[in-house]
Amino acid sequence: MSKLLIDVGSTYFKVCEETNITQHFRDFKKDIYEDLLHKCGDVFSRYKKEDVFICSSANGGLSTLIIGLTNSFSLKFAKNIAFNSGINIIDTILYSKIEESKVPLELIDVVIVVGGIDGISGVFDEKLLTYLQKVQYSNIVYVGTVQDANYLSSHIKSLKVLGNIITGKLHVNELELKEYLTNLYQADIVGKEDIKHLYEFTSNQIYSTPYIVNRSLPLIDANFEVVNPFIVVDIGGATTDIHYSRDLVRDNILSDSEYDRLVFKKLGVYKSKETLVFAAKNNEFVYELLAYLNVTENILEEESEKALRVLMQLSIFLVLYKVSRLNPLYVTLHLELLKSIVLTGGITKVLSYAEVEAIITFFYKKVMNLHSLPTIVLDYDYAIWTLGMKNNEHKEPKCL
67 MSKLLIDVGS TYFKVCEETN ITQHFRDFKK DIYEDLLHKC GDVFSRYKKE
117 DVFICSSANG GLSTLIIGLT NSFSLKFAKN IAFNSGINII DTILYSKIEE
167 SKVPLELIDV VIVVGGIDGI SGVFDEKLLT YLQKVQYSNI VYVGTVQDAN
217 YLSSHIKSLK VLGNIITGKL HVNELELKEY LTNLYQADIV GKEDIKHLYE
267 FTSNQIYSTP YIVNRSLPLI DANFEVVNPF IVVDIGGATT DIHYSRDLVR
317 DNILSDSEYD RLVFKKLGVY KSKETLVFAA KNNEFVYELL AYLNVTENIL
367 EEESEKALRV LMQLSIFLVL YKVSRLNPLY VTLHLELLKS IVLTGGITKV
417 LSYAEVEAII TFFYKKVMNL HSLPTIVLDY DYAIWTLGMK NNEHKEPKCL
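Residue numbers (my numbering): 67 to 466.
Please note: incorrect hints may appear among the correct ones.
Okay, derived cross-link-like pairs now, DSS-like style, lysine-lysine, Cα gap no bigger than 25 Å in a straight line [what the hints assert, rightly or not]:
hint, residue 1, residue 2
1, Lys114, Lys142
2, Lys115, Lys69
3, Lys163, Lys105
4, Lys168, Lys226
5, Lys431, Lys347
6, Lys235, Lys193
7, Lys415, Lys96
8, Lys372, Lys405
9, Lys96, Lys339
10, Lys200, Lys226
11, Lys347, Lys105
12, Lys415, Lys114
13, Lys372, Lys456
14, Lys456, Lys69
Derived Cβ-Cβ restraints for the label pairs, each shown as a range [stated by the list, open to error]:
hint, residue 1, residue 2, range
15, Ser187, Glu166, 38 to 46 Å
16, Ile186, His90, 53 to 61 Å
17, Asn294, Lys223, 43 to 51 Å
18, Glu368, Gln202, 30 to 38 Å
19, Val416, Asn216, 50 to 58 Å
I should point out that these hints are in silico values taken from the structure, not numbers from a laboratory.
Predicted model only: the values in this text are computed from it and were never measured.
C-beta: ideal position from N, C-alpha, C; glycine also.
Take these sequences, add in the hints, and give me the full structure.
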């Protein structure tokens, strides 16, 4: 035995030895360390700490509030970077309307302030300071015009100043902000008490699962029958993540990344079931979809295996809807160009190919009004994350 790979999810532990992958349903009465030790203690005893590699998605992601100068550039660019860093956007505020904007009631993990190109000053003033005094946040980062950095730093003690994400040619300069946000995501994972204890099993850094899955994407076509451009939808208990080829992006944002990702914190089928149901009930197509599946809306309130299967089907539908041209709030993808859709995560242990195909067919024919469907690939063994872990050994990630 050479390497032991562990993925700590919100619902399952996934354990990979060589090519053998096993899954263990978590006991929520125990903390992660105790439960993992109970279920896999004999496995750990066969490996040295330096040969154990762990990733986790158990934290469910971070939240952000973005304050920007324009919808077409500053807000659009910052939203794209935040989504691709695994950050959940609670709200965006156009600076010209900040005085009439609502203040979020919840604690915000990070506030992003962005706007203006270098050479312009006086973009932000006391209106921003007045608003921020009402917001509860843990971190705040400024990525706007360099001329306003000193003014804001002198009034906001905890402000982190990074390079402007808007270049003089109105392109996006994403690396610094992406690295900062990904570091926050990583720190949140290892900062969890349950996750900290896992360093008793490994001497390697613990990574976020969405980061690891994204590292797998260049390797997928060698292990699965996948044709570019493609997306990978990873549906778990707390989040639904979508990883996509940038060939599908429908915007004017220039990026060095070949693949990006979105993490939907409120579309999981266990921990975030209530918000998944809420999103379903407020979607204009869902009731027609339920009829198409030969179930009634009462299924959303049930606790049964059938209800779980329907929730998983709805999570597939909702994540496709959220990145389609019908929903401009997120990154919009050219789904009509999609050649392959790969599904991974706990969903592949529950849904049949026919149940997945039914959702994809409904979405493309009824919603997108298209008759050509992408090829569907199911990662039944939940092996995709292991590709990224193996590719990540002894390497420090560029953005972590």
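Hints, one by one, checked against the model:
For the proposed pair Lys114 and Lys142, the alpha carbon gap of about 46 Å is over 25 Å, so the pair is violated. For the suggested pair Lys115 and Lys69, the alpha carbons sit about 10 Å apart, so the restraint of at most 25 Å is met. Note on Lys163 and Lys105: the hinted pairing is violated, with a Cα-Cα distance of about 53 Å set against a maximum of 25 Å. Between Lys168 and Lys226 the CA atoms are separated by roughly 24 Å; this keeps the pair inside 25 Å, and the hint holds.
Of the supplied pair hints, the one linking Lys431 and Lys347 holds, its CA atoms being roughly 21 Å apart against a limit of 25 Å. The hinted pair formed by Lys235 and Lys193 fails the criterion: a straight-line CA distance of about 28 Å is larger than 25 Å. Between Lys415 and Lys96 the alpha-carbon distance is near 24 Å, which keeps this suggested pair within the 25 Å criterion. The suggested pairing of Lys372 with Lys405 is violated, with an alpha-carbon distance near 30 Å, which exceeds 25 Å.
Note on Lys96 and Lys339: the hinted pairing holds, with a Cα-Cα distance of about 21 Å set against a maximum of 25 Å. Restraint check for Lys200 and Lys226: the C-alpha separation of about 19 Å stays at or below 25 Å, so the hint holds. Among the hinted pairs, Lys347 with Lys105 is inconsistent with the structure: their alpha-carbon atoms are about 38 Å apart, more than 25 Å. Pair hint Lys415 plus Lys114 does not hold up; C-alpha atoms about 30 Å apart against a cutoff of 25 Å.
The suggested pairing of Lys372 with Lys456 is violated, with an alpha-carbon distance near 36 Å, which exceeds 25 Å. Proposed proximity of Lys456 and Lys69 is supported: the alpha carbons are some 9 Å apart, at most 25 Å. Distance hint check for Ser187 and Glu166: the Cβ-Cβ separation is about 25 Å, which falls outside the suggested range of 38 to 46 Å. Distance hint for Ile186 and His90: a CB-CB separation of about 55 Å, consistent with the stated range 53 to 61 Å.
The beta-carbon spacing between Asn294 and Lys223, approximately 47 Å, falls within the hinted interval of 43 to 51 Å. Restraint check, Glu368 to Gln202: a C-beta distance of roughly 36 Å satisfies the suggested window 30 to 38 Å. At roughly 54 Å, the beta-carbon separation of Val416 and Asn216 lies within the given 50 to 58 Å, and the hint holds.
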